[in-house]
Structure formats: structure tokens, C-alpha cells
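Each chain is listed here by its residues.
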Amino acid sequence: MIKHKETGVGRTGEGHAGATRRRVLAAGAVAAVAGCSSPARESNPLPAGIQEIRAEEARRQLLAAHSTVLRERYDAVIARHPQLAGRLGALRAAVAEHEQALLPGDVRPTASPSGTAPASGVTASKAASASPSGAAAPVSGSGVPADPDTALKDLAAAERRTSDSFAEALVEAEPELARLLASIAAAGAAHAYLLTQAPAEGAR
Amino acid sequence: MKRPDRALEAVQAALGAEHAAVYAYGVVGSRVGEGPREAEARTAYAAHRARRDALARTVRDLGGTPDAAAPAYALPFPVPDAAAAERLAAVLEDRVAGVYSDLVRAAEGPLRTEAARALREAAVRAVRWRGSGVAFPGLAERTRNRRHRQR
Numbered sequence: 001m002i003k004h005k006e007t008g009v010g011r012t013g014e015g016h017a018g019a020t021r022r023r024v025l026a027a028g029a030v031a032a033v034a035g036c037s038s039p040a041r042e043s044n045p046l047p048a049g050i051q052e053i054r055a056e057e058a059r060r061q062l063l064a065a066h067s068t069v070l071r072e073r074y075d076a077v078i079a080r081h082p083q084l085a086g087r088l089g090a091l092r093a094a095v096a097e098h099e100q101a102l103l104p105g106d107v108r109p110t111a112s113p114s115g116t117a118p119a120s121g122v123t124a125s126k127a128a129s130a131s132p133s134g135a136a137a138p139v140s141g142s143g144v145p146a147d148p149d150t151a152l153k154d155l156a157a158a159e160r161r162t163s164d165s166f167a168e169a170l171v172e173a174e175p176e177l178a179r180l181l182a183s184i185a186a187a188g189a190a191h192a193y194l195l196t197q198a199p200a201e202g203a204r
Numbered sequence: 001m002k003r004p005d006r007a008l009e010a011v012q013a014a015l016g017a018e019h020a021a022v023y024a025y026g027v028v029g030s031r032v033g034e035g036p037r038e039a040e041a042r043t044a045y046a047a048h049r050a051r052r053d054a055l056a057r058t059v060r061d062l063g064g065t066p067d068a069a070a071p072a073y074a075l076p077f078p079v080p081d082a083a084a085a086e087r088l089a090a091v092l093e094d095r096v097a098g099v100y101s102d103l104v105r106a107a108e109g110p111l112r113t114e115a116a117r118a119l120r121e122a123a124v125r126a127v128r129w130r131g132s133g134v135a136f137p138g139l140a141e142r143t144r145n146r147r148h149r150q151r
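Taken in order, these protein sequences are the chains called A and B. Under the working numbering, the residue at position 41 of the first sequence is numbered 41, and the numbers go up by one with no gaps. Under the working numbering, the residue at position 52 of the second sequence is numbered 52, and the numbers go up by one with no gaps.
Don't read these hints as lab results, they were simulated from the structure. In this text, all values refer to a predicted model and were calculated from it rather than measured experimentally. C-beta: ideal position from N, C-alpha, C; glycine also. One or more hints might be untrue.
[Stated by the list, open to error] Which bits of chain B does chain A cover? Going by a derived footprint, with three or more residues having C-beta under 8 Å, they are:
no., stretch
1, 28-35
2, 124-130
[Unchecked claim] Now the stretches of chain B that chain A is said to cover, found in silico as 3 or more residues with beta-carbon under 8 Å:
no., stretch
3, 10-17
4, 104-111
[To be verified] Selected chain A positions facing chain B (Cβ under 8 Å, derived; list incomplete):
no., residue
5, P82
6, L84
7, A94
8, H98
9, P104
10, G105
11, L170
12, V171
13, Y193
In isolation and in its complexed conformation, chain B is listed as follows (with noise of 0.2 Å):
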């Protein structure tokens, strides 16, 4: 495959993984509760839909057809109370940690730059969820399941 294919792909996959999670922060966000919590969603839920927008006009920028969003999404497990949501949230993180980390593979210049950066805010937006972290956001061929807990 050519190398603007593979960032297309990319692209695209990113694309998706952004549609999933601004889907899934509005559970998030029905379920966290009052506080500092129900912000933080609401943060991370327009810091979702900007990167989306951004990646949409980003697959037009390379001649492609930004693909929809599905009408829903299954979520990974059920979200009845905060803790639950709370969860969810970090594993929408690492999701998207995983994307934006092959983004940077496929692409170069400004768009790898940009990959990089939303790789690390979905690092520390899954940190704060989380209370830790691995040592190798977005990477999950090294990540085998250990967390750093910091308490």
C-alpha cells in the first residue's frame, strides 16, 4: 500500500474510534453523576467532537469520503451506575490512544504531529479517569494488562 493510502486508512480509523467515543461520552456523561466528574465528561465529550471534525475534514483533505458514524454502538460492557461510566471513559481512552499511535505510523509532517498530540491527551484524559496508568499508552502489543497505580 502507498504511503498517503496507509495514512487514508488511517485516517479513517481514527475517524471511527472518535464517532465511538463521542457516542459513548454522552453515556458517559447520563451516568457520572454530579461534580467534578459530570465536567470532566463534558470536556473530553467536545475535546471528541472537535477531533472528529478536524479528522472528517482531514479525510477530504486526502481525497477520501469520511465515513459516518453508526447510529449506535455497542459498549464493552453495561455502564448502570458512575463507577461504570467512569470505566468506560478510560477504556474509550486507551481505544483511542490505540488509533491516534498507529496515525502517527502511517503519517508525516503536521498530521503526525497532530496524531502525536491527541495520543497524549487521550493518555492523560485516561489517567484521570483511571487513577493510572501503563507505560505504554496507545500501544497495546506492550501493555499485557498492567497498570501503574500511584496509590
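Chain A extracted, bound-state conformation (with noise of 0.2 Å):
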């Protein structure tokens, strides 16, 4: 299960920055941390419930990862062509709520023992992204296309990748978590729809 997650994130952040790329991994490591059987469980065992609880976590850390990773085409998107900036904002606020969403309540560095550090880079993101919107670190618009309508399409691709992927991982969730993915999937679907219209009403 932590195995096909993984994959699914990978495709999610195909041809991203390597960052960008370090940061998903880095939550795929909380969530092998938290999911599998470690050196540390064995030595320091923890009541079933709380393993169920952290396995939880990591799950949705793993998931909020594919919205930082669309957050973060947003913002090199944005940071390449500011003139969009105007038609991208709330996209980029939704995906960025979105994120926020999906991660756990309560995620501290310290809640897992062994977890600490690929947990804090977690974390990082997480207080990155609580920045108000447009105030985040300054992203550099490499790899995105100079043509601002291609940005576009590329960016409608990721977000239908995106959502495709919640699709995919709302199947196996618990019910609470399942009805918030297909929200969001269905939010990347409709971001895809706004992102390849024509941004005026009469152009169309």
C-alpha cells in the first residue's frame, strides 16, 4: 500500500524540481516511518490505536505532498509569468487550502521517535505554505514554458494528475477522509476546466 502511494506521488511529480521532488520523498519516509515495522516499534511498542493513529498521519502527509507539489507549479508558474498572477491567485489559494486540509491536525517532529527528521522537513513545508498567499519564498520559474498559454496547459495537466490521483487514493481511505478527496479531486478537475478557458467571458 505505502509502496503504490509512493508511485503515485512520483507521477505526480514527474518532471518537478529535484526540491520539489526531495520534499514528497521525504514524506514517503515519514510514512514508511510510521506504516512499517522498524527497529524502533520493536524496542518501544506502541498500543495498536496509536499506530493506527500515526499510520493515518503519514497517510495524509503523503497526500497533502501532491497539493504542495501543485502549489509549488502555481507559484514557478506565477513567478515565470506574473502577468497571470490576477487569473491564478485563487486557483493557487485553493490548492494551497486544499493542502492544509489534508494534513493531520496535529503534526509535531517529536510525534514519532524515529521520525524526527524527515518529519520536520515536513513540517517546514507545511509552515511555508501557512504564509498568506503571495508571500511565499520566491520561487524561480525554471521549467516552466516561456509561452504563458503552454504554462496553462501544463498547469491543467498537473492539476488532472493531481486529481486523478486523490481519485485513486480516496477508494481505500477511511470515509471522512474519502468524502474530503473526492472534494478535492473534484476541485482539480473543475481548476483543469478553468485553466484551459479563455479567462473573459466574450473570447469564448
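Mind docking these for me? Both chains are given alone in their own frames, and the hints should help you get the complex.
In C-alpha cells:
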């Protein structure tokens, strides 16, 4: 199951900057730490309920990483094409909300004794995304097509890929998370539609 | 409540919303005027009829009796012109999205997948009608009247 999720994230991260990929992999490492047996867990066994909660938190961090990758795509496109900021701002803000909604409510680096290092990376990304929209750290627009229309098409494709990943993940998710994932997947499909439409009504 | 009972209840709720959507899209189609919007209304009408029929079958599969449509439905606001018709269509899609998100939660397996697909379609139709979307389609508790205008 964890392996399967990692494959899904890899697909979303395709063609993205190395830093982004590392962040997603870090989230995957948290999932591996919390979801699989490890020496630390054997020497310090946890009640089954707590193990369940940790596995669930790890799953949610892995899912949130999909939205992190997507949000950073928006940042990169806006950095490369500032004239699109107005058009993309609201969509980017929605993706940041998805990211926050997916993160477990109470993520602390100290939550897992053996998972401190990778967890702190994820927490840093949470802090970054919590900053007001537009105030994110400068993102280079490298890797973004020079043609704005192509950049928008790429963004729409990224939205669709992410939406498909969530649609796939909701099949096995617990009921409340499945509902959230279905909504976020639907929002992604709607974003992809908006990104491929001419911005003005009269232009259609 | 047992899980299958919850699923049946959620399917009936979705069926009720689709009955209402089929009815109201009749009004939308008659007010939206000629042109691309008319074709869009017709396509959406057909989509909701198909969903309605599929949900009725699902109710039977789950051992229930499908709720019938009401003879008429109260519209949320008067629909005298094309602009109001477009607004109505968007509201219909929001409501349909809401019942499908509940069905996703209540169902498992193929029914859950299908409900998620229906939610996605409703969300896309809503932005087509409205020109903007919300961050969490179908989740009224997270929407708080915020819309993402695109232009």
C-alpha cells in the first residue's frame, strides 16, 4: 500500500524540480516510518490504536504532498509569468487550502521518536504554505514554458494528474477522508477546466 | 446505523437531488435562451437523468424501493431570464455535489468511486455555469460562501 502511494506521488512529481521531489520523498519516508515496522517500534511497542493513528497521519502527509507539489507549480508559473498572477491567484489559494486540509491536524516533528528528521522537513513545508498567499518564498520559474498559454496547459495537466491521484486514493481511505479527497479531486477537475478556458466570457 | 443502511440512505438522498435537478433543468432549458448555453443545459439534463436512473437501480440493488419524484419542486429563487437560469443551474450542481460527497463517505467500492465521479462532474458543470469555483465542492461546511473568481 505504501509502495503504491509512493508510485502515485512519483507520477505527480514528474518533471518537477529536484527540491520538490525531495520533499515528496521525505513525506514518503515519514509514511514508511510510521506505517511499517521498524527497530524503534519493536523496542518500544505502541498500543495498536496509536499505531493506527500514526499510519493515518503518515497517509495524510503523503496526500498533502501532492497538493504541495501542485501549489509549487502554481508558484513557479506565477514567478515566470507575473501577468498570470491575477488569474491564478484564487486557484493557487484553493490548492493551498487543500494542502492544509489534508495535513493531519496535529503534526509535530516529535510525534515519532524515529521520524524526527523527515518529519521536520514536512513541518517546514506546512509552515511555508501557511504564510499568506503571495508571501511564499521566491520560486524560480525555471522549467516553466516561456509561452504563457503552454504554461497554463501544463498547469491544467498537473491539476488533472493530481485529481486522478486523489480519486485513486479515496477508494481505500477511511470514510471522512474519502469525502474530502473526492471534493479535492473534483476541485482539481474544475481547475483544469478553468485553466483551459479563455479568461473573459466574451472570448469564448 | 449499519454501513449498508447508511449507504442506502445516502443513495436515496442522491436520488432525491437528481429528481430535483432533472425537474429544475427543465426550467433552466426553457429560460436559458438559444446558443451554446441551451446545448449545455440539454447535455446536463441528460446527464442528470442518467444519474437518476442509475441511482434508482442502485437503491433496488441495495434492497430498497426508489423514492419517486415529487410532482413539482420549489425553486430557490424566481427564474425570469437567462441570467437567473444560469444561476439556478449552478446552484443545482452545488446541491448535487453535496449529496454525492455524502455518498462517497457512506459507500464503499464501486459505488464510492461512482459517487466521486458524479461529484467531479457536478463540480465541473458548476464552474461552467458560474465561471468560478470553490475550494471544496460538495463540502458545505468548508465553503462559507467564498468563490474563486477567475476573471
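Verification of the hints:
With 0 residues having a Cβ less than 8 Å from any Cβ of chain A, the stretch 28-35 of chain B misses the three-residue criterion, and the hint is violated. With a cut-off of 8 Å between beta carbons, the stretch 124-130 of chain B has 4 residues touching chain A; three or more are needed, and the interface restraint holds. With 0 residues carrying a beta carbon less than 8 Å from a beta carbon of chain A, the stretch 10-17 of chain B misses the three-residue requirement, and the given coverage is violated. With 4 residues having a Cβ less than 8 Å from any Cβ of chain A, the stretch 104-111 of chain B passes the three-residue criterion, so the hint holds.
Look at A/P82: its Cβ only gets to about 17 Å from chain B, farther than 8 Å, so that hint breaks. Given the 8 Å rule on beta carbons, the hint for A/L84 is violated: about 11 Å separates it from the nearest Cβ of chain B. Checking A/A94 against chain B by beta carbon gives a least distance of about 4 Å; that is within 8 Å, so the hint holds. The interface hint given for A/H98 is met, as the beta carbon of that residue sits about 7 Å from the closest beta carbon of chain B, less than 8 Å.
With its C-beta approaching chain B no nearer than about 17 Å, A/P104 sits outside the 8 Å limit, and its interface hint is violated. A distance limit of 8 Å between C-beta atoms decides the matter here; for A/G105 the minimum to chain B is near 14 Å, and the interface restraint is violated. At about 6 Å, the closest approach between the beta carbon of A/L170 and any beta carbon in chain B falls short of 8 Å, and the interface hint on this residue holds. Hint status for A/V171: holds, given a least beta-carbon distance of 6 Å to chain B, under 8 Å.
Annotation: A/Y193 was flagged as interfacial toward chain B, and the flag holds, the nearest CB pair being 5 Å apart, inside 8 Å.
Going down the numbered hints, you'll see the structure goes against 1, 3, 5, 6, 9 and 10, while the others check out.
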